[in-house]
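Colleague: Residue numbers (numbering that gives the first Met the number 0): 0 to 251.
By construction, these hints were calculated from the structure, which means they are not laboratory data.
This one's a predicted model, so the numbers in the text were calculated from it and none came from an experiment.
Here a beta-carbon is modelled for each residue, glycine too, at the ideal position from N, C-alpha and C.
The reader is advised that the hints may include incorrect statements.
As the list claims (entries may be wrong) - Distance ranges between label pairs, derived from CB positions:
id: 1; residue 1: LEU114; residue 2: PRO152; range: 20 to 28 Å
id: 2; residue 1: ARG104; residue 2: HIS37; range: 44 to 52 Å
id: 3; residue 1: ASP170; residue 2: GLU101; range: 25 to 33 Å
id: 4; residue 1: GLU101; residue 2: GLU166; range: 39 to 47 Å
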Amino acid sequence: MSRTRIRSTPVDAACAAAVDLARTAVEAIARPGEVGEHLGFDSEGDRVVTHYFECLDRAYRGWRWASTVVRASRARNVTVSETVLLPGAGALLAPRWVPWNERLRPGDLGVGDLLPVEADDDRLVPGYTATDEDADREAVLEPGLGRARVLSPIGRDLAAHRWRSGEPGPDAPIAHAAPAQCSTCGFYWPLAGVLGRAFGVCANEYAPDDGRVVSVDHGCGAHSEATTVPSMIAEPPPPILDDMGYDLMDQA
Numbered sequence: 000m001s002r003t004r005i006r007s008t009p010v011d012a013a014c015a016a017a018v019d020l021a022r023t024a025v026e027a028i029a030r031p032g033e034v035g036e037h038l039g040f041d042s043e044g045d046r047v048v049t050h051y052f053e054c055l056d057r058a059y060r061g062w063r064w065a066s067t068v069v070r071a072s073r074a075r076n077v078t079v080s081e082t083v084l085l086p087g088a089g090a091l092l093a094p095r096w097v098p099w100n101e102r103l104r105p106g107d108l109g110v111g112d113l114l115p116v117e118a119d120d121d122r123l124v125p126g127y128t129a130t131d132e133d134a135d136r137e138a139v140l141e142p143g144l145g146r147a148r149v150l151s152p153i154g155r156d157l158a159a160h161r162w163r164s165g166e167p168g169p170d171a172p173i174a175h176a177a178p179a180q181c182s183t184c185g186f187y188w189p190l191a192g193v194l195g196r197a198f199g200v201c202a203n204e205y206a207p208d209d210g211r212v213v214s215v216d217h218g219c220g221a222h223s224e225a226t227t228v229p230s231m232i233a234e235p236p237p238p239i240l241d242d243m244g245y246d247l248m249d250q251a
């Protein structure tokens, strides 16, 4: 077994000495006064060298001009292959491009907007496909009839984690101050299917989560059995009797 040997490419002397040719090529595409001093060169391959020049444009601080020169085999003349402006150390760069579907945030979807779902979205599976080993037991609750796709186990886990770790979960400040959990509230309506074991909908119009999904261990001050709160109907105070005073009355 032989060891792989890496052949180092020698620097072509003619290409390395073609600094003036590389500068002339850069000055042809740059504005006057934007090409600075020579910063060095890199050997790109056989008879291929890239020369670097300082960029003096104030809008491109940290960038550098690059001019690649080449020499054909057994030729004496050096020619310019490419000139380009490249970022250097400390250059100001645009942020990494992020696809639109990764830039979306909750609440971005407005009236009339459409949010297409990918065909291979992990959160969905065909409605007639068994999703896990408990499919026979869950088929009664989540048959998926009439729908092309239903939530997959991944989709359910993501939703459950998102709900429990957010405002509808047990760690919300309002849940810590609640007199009891939502599971014991008369306004709590469990969800259908597997998610109904841990989540439901609040049906109290005075609660902050009315019409929203809450976890069974969530809570708020609008609990149906909150008896520690005084009644909202004010009772009239008892009459005050003054036993020490007297009134002067006319005997006539």
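Colleague: Each hint should be assessed against the structure and marked as holding or not.
Modeller: Hints, verified against the model:
no.: 1; hint: LEU114 to PRO152: 20 to 28 Å; in the structure: 22 Å, holds
no.: 2; hint: ARG104 to HIS37: 44 to 52 Å; in the structure: 48 Å, holds
no.: 3; hint: ASP170 to GLU101: 25 to 33 Å; in the structure: 27 Å, holds
no.: 4; hint: GLU101 to GLU166: 39 to 47 Å; in the structure: 23 Å, violated
Hint check: a violation occurs at hint 4 only; the rest are consistent with the structure.
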